[in-house]
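Each chain, written out:
There are 2 protein chains.
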Amino acid sequence: MALIVQKYGGTSMGSPERIENVAKKVGSFHDQGHQMVVAVSAMSGETDRLIKLAKTIQERPDPRELDVIISTGEQVTIALLAMALQKLGYKAKSYTGAQVQIRTDDAFTKARIKEIDDARIRKDLADGYIIVVAGFQGMDEAGNITTLGRGGSDTTGVALAAALKADECQIYTDVDGVYTTDPRVVPEARRLNSVTFEEMLELASLGAKVLQIRSVEFAGKYNVPLRVLSTFVDGPGTLITSEESKMEQVIISGIAFNRDEAKLTIVGVPDQPGVAARILSPIGRANIEVDMIIQNVGADGLTDFTFTVHRNDYDKAYDILDKTSKELGARAVSGDKKIVKVSLVGVGMRSHAGVASTMFETLAKEGINIKMISTSEIKISVVVDEKYLELAVRSLHAAFKLEQAPV
Amino acid sequence: MALIVQKYGGTSMGSPERIENVAKKVGSFHDQGHQMVVAVSAMSGETDRLIKLAKTIQERPDPRELDVIISTGEQVTIALLAMALQKLGYKAKSYTGAQVQIRTDDAFTKARIKEIDDARIRKDLADGYIIVVAGFQGMDEAGNITTLGRGGSDTTGVALAAALKADECQIYTDVDGVYTTDPRVVPEARRLNSVTFEEMLELASLGAKVLQIRSVEFAGKYNVPLRVLSTFVDGPGTLITSEESKMEQVIISGIAFNRDEAKLTIVGVPDQPGVAARILSPIGRANIEVDMIIQNVGADGLTDFTFTVHRNDYDKAYDILDKTSKELGARAVSGDKKIVKVSLVGVGMRSHAGVASTMFETLAKEGINIKMISTSEIKISVVVDEKYLELAVRSLHAAFKLEQAPV
Chain A
0 MALIVQKYGG
10 TSMGSPERIE
20 NVAKKVGSFH
30 DQGHQMVVAV
40 SAMSGETDRL
50 IKLAKTIQER
60 PDPRELDVII
70 STGEQVTIAL
80 LAMALQKLGY
90 KAKSYTGAQV
100 QIRTDDAFTK
110 ARIKEIDDAR
120 IRKDLADGYI
130 IVVAGFQGMD
140 EAGNITTLGR
150 GGSDTTGVAL
160 AAALKADECQ
170 IYTDVDGVYT
180 TDPRVVPEAR
190 RLNSVTFEEM
200 LELASLGAKV
210 LQIRSVEFAG
220 KYNVPLRVLS
230 TFVDGPGTLI
240 TSEESKMEQV
250 IISGIAFNRD
260 EAKLTIVGVP
270 DQPGVAARIL
280 SPIGRANIEV
290 DMIIQNVGAD
300 GLTDFTFTVH
310 RNDYDKAYDI
320 LDKTSKELGA
330 RAVSGDKKIV
340 KVSLVGVGMR
350 SHAGVASTMF
360 ETLAKEGINI
370 KMISTSEIKI
380 SVVVDEKYLE
390 LAVRSLHAAF
400 KLEQAPV
Chain B
0 MALIVQKYGG
10 TSMGSPERIE
20 NVAKKVGSFH
30 DQGHQMVVAV
40 SAMSGETDRL
50 IKLAKTIQER
60 PDPRELDVII
70 STGEQVTIAL
80 LAMALQKLGY
90 KAKSYTGAQV
100 QIRTDDAFTK
110 ARIKEIDDAR
120 IRKDLADGYI
130 IVVAGFQGMD
140 EAGNITTLGR
150 GGSDTTGVAL
160 AAALKADECQ
170 IYTDVDGVYT
180 TDPRVVPEAR
190 RLNSVTFEEM
200 LELASLGAKV
210 LQIRSVEFAG
220 KYNVPLRVLS
230 TFVDGPGTLI
240 TSEESKMEQV
250 IISGIAFNRD
260 EAKLTIVGVP
270 DQPGVAARIL
280 SPIGRANIEV
290 DMIIQNVGAD
300 GLTDFTFTVH
310 RNDYDKAYDI
320 LDKTSKELGA
330 RAVSGDKKIV
340 KVSLVGVGMR
350 SHAGVASTMF
360 ETLAKEGINI
370 KMISTSEIKI
380 SVVVDEKYLE
390 LAVRSLHAAF
400 KLEQAPV
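Residue numbers (numbering that gives the first Met the number 0), protein chains in the order written: chain A, 0 to 406; chain B, 0 to 406.
One should not assume that every hint holds.
You can't tell identical chains apart in this list, so a pair holds if it fits in one copy or across any two.
The calculated lysine-lysine pairs, modelled on DSS-like cross-linking and capped at a C-alpha distance of 27 angstroms, are [stated by the list, open to error]:
(1) Lys24 x Lys54
(2) Lys86 x Lys51
(3) Lys109 x Lys86
Honestly, the hints are just simulated from the structure, not real lab data.
Input sequences plus hints: build the corresponding full structure.
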């Protein structure tokens, strides 16, 4: 008998029929003797509907009041799921974030969970109840309703699992696990049986949008075994766990890519201390997030400085950089919106030489020019022309034999 | 400067435009220097939509879970109104029932308010905020969400006014006050400037459906001056207050009527102690509410016993009575679905003789046969054939000169 926390997303809760299907799934685990706590999202589309309603009144809705409105989406689904469970004969109870004391900071619309008081849930579990908790929401010290931002229900699930010291946190979604890369690009892409938290962070942040990044960080921090599974197709899914417990020993786990990037370069900047800060501070103040950063020192005391931003922020960033360029007496500003980032991810590359050279050789053989390179301990990213995206991902997937399951 | 509690119903909150209109109205009171607390209902139709959604899962939804769902209707409107007030430049904050500690018993879907902790509201009022509170909802001792039943938002408004010792509780609705009778029946019907709590109870329960009965009881108990006004038409409305403070001295305030009644008679029952209980207990056990009850003792030791029920309960009540009749050895059971009740209401009749005789003479002059009579201190009700309803109400309205404002 285990204590299992499950999380079901908006698609899984998208209609009364689907909610009844979720109830059956949850009930089957209870039948096996497990104690069940379930975190749920609003019905798909509902949060957007509520935001739209708020915007008919205020173009930029007051964040505190917006949270009051959008938190109702999950309040509806928790009760519907509790009813569906009761209909099947189970004892079930729903709780809002405030009711089970999911305490957050007061950053409305993007709050972070600080602690959960698990006393009430533990008592109900001991009494044989299946507990349904509203994802995505909590309350601050002053008792105001807060929400955790997009995808926050994943974080609720993991936080509940951490607070309850659950044996496993299962995230049900509309994909059946984490893949070596996007199967729409590489049909041979293979579902991974397990990845590490660190790999998952790189895969998630680089575009394999299965889990909210913050929930993976949270799971890693509290060492909560996390499993991604499909609500609609039975299967083992993908287990996300700490490196130590990982069974497979592979070099590369997957290939992530991101079509949303654009790159900007400031050319011929005097190479002095503090110049990077002077370039990036105005970008940060404009709330533009920077992804990759590369600086190369030239021989003439001048340097080129390149970074990538989200494609939507390109024009704004260009204008800011143009102004900075004049202040610094730089030679020029250039940019490119038609780029993509492709990343190899794998904890195995820590101890395996030759990954980078295989990657570069593979791309060279296909005639793909690399525009930027950036590396971390478990990742190598390259920026290439967007027209080469599919070719790059496919050739790398084949070169590292990712379609084959490890022995 | 006064402390005013206002309540706006579902029609007043029916669309973003209407909510902005309510914000203007509330703001104009704030501009006059008043401290404002506003209780609101869900958008019209929303509660029904949510109940329907719940019923797609459970035909008879679990009351606790149903309250979790339907309480979201007001949670949406409080935030929308707070936003609309902010848009006009006012400081405004929304609160759910649980957040301002509207404590109720645990009778889900029809809970009663026990107390309200006003500390938080008082602090915000002192800080210059307009406070918007979700009507219709509260929480029980254990922290479960409860709702107060249909029309419960009126009760929330009155309970807030009582807790805050407000100078006035204003109930905004789609009629501009309480009338001497239904203007659709008597075009000369006149808006009353004031009625007493007791009169309002009789008028409300007898069919002039302006206010929820419970809210009037509550207002009477805590002596909260209550005013009914229109959201859409400016005007003084009708003040509902205790008798002492009533300015007008009139005999009859209004004429109420009820088309939904049906009468049942059990004829020739042995006249023994306990016979009334033996007749009515099975009716009560079947959850049928009884309105008027009349018993007349005959000379032969037998009695006839007549009572009225809602027309929808007539068939069920008839069957039960038929069974009771056999057990008691009564002579027969008879009934009539085509009846209506017409009532004269007025605190003035306490000290004025002749009201009943004027009433009976007026009806006799029109050839209207009276089938039942029932009186209380401030009310005389008669049951007549339903075809005479309009004639009875019009002739009584004229006989008591209700179309004329008192001097």
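Now the hints, each set against the structure:
When the C-alpha separation of Lys24 and Lys54 is checked against a cutoff of 27 angstroms, the pair qualifies only between copies, where the shortest distance is 21 angstroms, while the shortest distance within a copy is 37 angstroms. Taking CA atoms no more than 27 angstroms apart as the test, Lys86 paired with Lys51 passes between copies only; the shortest distance there is 16 angstroms, against 33 angstroms inside one copy. In this assembly of identical chains, Lys109 and Lys86 lie within 27 angstroms of each other by CA distance solely across copies; the values are 22 angstroms between and 35 angstroms within a copy.
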